[in-house]
Amino acid sequence: EAAVTQSPRNKVTVTGGNVTLSCRQTNSHNYMYWYRQDTGHGLRLIHYSYGAGNLQIGDVPDGYKATRTTQEDFFLLLELASPSQTSLYFCASSDWSSAETLYFGSGTRLTVL
Amino acid sequence: QQQVRQSSQSLTVWEGETAILNCSYENSAFDYFPWYQQFPGEGPALLIAIRSVSDKKEDGRFTIFFNKREKNLSLHIKDSQPGDSATYFCAASPNTNKVVFGTGTRLQVLP
Chain A
1 EAAVTQSPRN
11 KVTVTGGNVT
21 LSCRQTNSHN
31 YMYWYRQDTG
41 HGLRLIHYSY
51 GAGNLQIGDV
61 PDGYKATRTT
71 QEDFFLLLEL
81 ASPSQTSLYF
91 CASSDWSSAE
101 TLYFGSGTRL
111 TVL
Chain B
114 QQQVRQSSQS
124 LTVWEGETAI
134 LNCSYENSAF
144 DYFPWYQQFP
154 GEGPALLIAI
164 RSVSDKKEDG
174 RFTIFFNKRE
184 KNLSLHIKDS
194 QPGDSATYFC
204 AASPNTNKVV
214 FGTGTRLQVL
224 P
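Here the protein sequences come in this chain order: A and B. Take the first sequence: its letter number 92 is residue 92 in my numbering, and every next letter is one higher. Take the second sequence: its letter number 51 is residue 164 in my numbering, and every next letter is one higher.
Note that these hints are calculated values from the structure, not bench results. Hints may be right or wrong, so weigh each one.
[As the list claims (entries may be wrong)] Have a look at the derived ranges for each label pair, beta carbon to beta carbon:
#1 R174(B) with T13(A): 41 to 49 Å
#2 L113(A) with E130(B): 42 to 50 Å
#3 V60(A) with E171(B): 31 to 39 Å
#4 D192(B) with G17(A): 42 to 50 Å
#5 E171(B) with T15(A): 43 to 51 Å
[As the list claims (entries may be wrong)] Quick partial rundown of chain A residues pointing at chain B, CB under 8 Å, derived from the structure:
#6 Y31
#7 G40
#8 G42
#9 L43
#10 T86
#11 F90
#12 S97
#13 A99
#14 T101
#15 L102
#16 F104
#17 G105
#18 G107
It should be emphasised that the depicted structure is a prediction, and the values quoted were computed from it without experimental measurement. Glycine included, every Cβ here is placed at the ideal spot set by N, Cα and C.
Generate coordinates for the entire structure from the input sequences, incorporating the hints supplied.
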């Protein structure tokens, strides 16, 4: 089973702050994703990647950047954090052979004051 | 616009009962329908999934019933246990890696 590790587990920042969320997967999956989870909205796709150096825009990308530096590592960047970005963020990965099956990390809870 | 809808935000059943979680979708291109289970403090994990060519998928106490004509599906949890208390997400994919999730149903199983 894929292992997906997110850090930090919790993060508090202020409006206008700069935040980087990290994700590492150790099963050599090609695809990686960033989702946010909010009550009443479920899980919404922010950005995803097919491999190192590749970035695809998801359904709710505004205010977020992402970068895939290696096969294993995918980062989500909030350069000017806003209170509306207070949320629970999940990273996930999937293999090209069964791309629809997502393996999620344990999440990062971000609070923007 | 919610492409995958879960009709109940929460559901409470007694231990031993069958819990039924409902889901509907709009996009006819969706052909893969997974259900994810999420416990507090954890990420979602794949529980069971069905493709649109089937109308039923069973795995132990968990069964998906799928109606392509009506664009709806349901997850039945037979003999519910307190350990089944979790949030369940219905999801859909058009045979690609882009998975769309519903808003989730929080299931509570009372002993």
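How the hints compare with the structure:
Distance hint check for R174(B) and T13(A): the Cβ-Cβ separation is about 43 Å, which falls inside the suggested range of 41 to 49 Å. Checked against the given bound of 42 to 50 Å, the beta carbons of L113(A) and E130(B), roughly 43 Å apart, stay inside it. For V60(A) and E171(B), the hinted distance range of 31 to 39 Å is satisfied, since their beta carbons lie about 35 Å from each other. Checked against the hint of 42 to 50 Å, the C-beta distance between D192(B) and G17(A) comes to roughly 49 Å, which is consistent with it.
The beta-carbon spacing between E171(B) and T15(A), approximately 50 Å, falls within the hinted interval of 43 to 51 Å. Of the supplied interface hints, the one on Y31(A) holds, with its beta-carbon coming within about 5 Å of a beta-carbon of chain B, less than 8 Å. For the restraint placing G40(A) at the interface with chain B, the shortest Cβ-Cβ distance is roughly 6 Å, inside the 8 Å limit, so the hint holds. Proximity of G42(A) to chain B holds as hinted, the smallest CB-CB distance being about 4 Å (cut-off 8 Å).
The criterion of a C-beta within 8 Å of any C-beta in chain B is met by L43(A), whose closest approach is roughly 4 Å, and the hint holds. Checking T86(A) against chain B by beta carbon gives a least distance of about 18 Å; that is not within 8 Å, so the hint is violated. Annotation: interface hint on F90(A) holds; nearest CB of chain B at approximately 5 Å, less than 8 Å. For S97(A), the shortest C-beta to C-beta distance to chain B is roughly 11 Å, which exceeds 8 Å, and the interface hint is violated.
For A99(A), the shortest C-beta to C-beta distance to chain B is roughly 3 Å, which falls under 8 Å, so the interface hint holds. At about 6 Å, the closest approach between the beta carbon of T101(A) and any beta carbon in chain B falls short of 8 Å, and the interface hint on this residue holds. Of the supplied interface hints, the one on L102(A) holds, with its beta-carbon coming within about 6 Å of a beta-carbon of chain B, less than 8 Å. The restraint placing F104(A) at the interface with chain B holds, with a minimum CB-CB distance near 3 Å, inside the 8 Å limit.
For the restraint placing G105(A) at the interface with chain B, the shortest Cβ-Cβ distance is roughly 5 Å, inside the 8 Å limit, so the hint holds. Contact between G107(A) and chain B, as hinted, is supported at the beta carbon level, the nearest pair being about 6 Å apart and thus within 8 Å.
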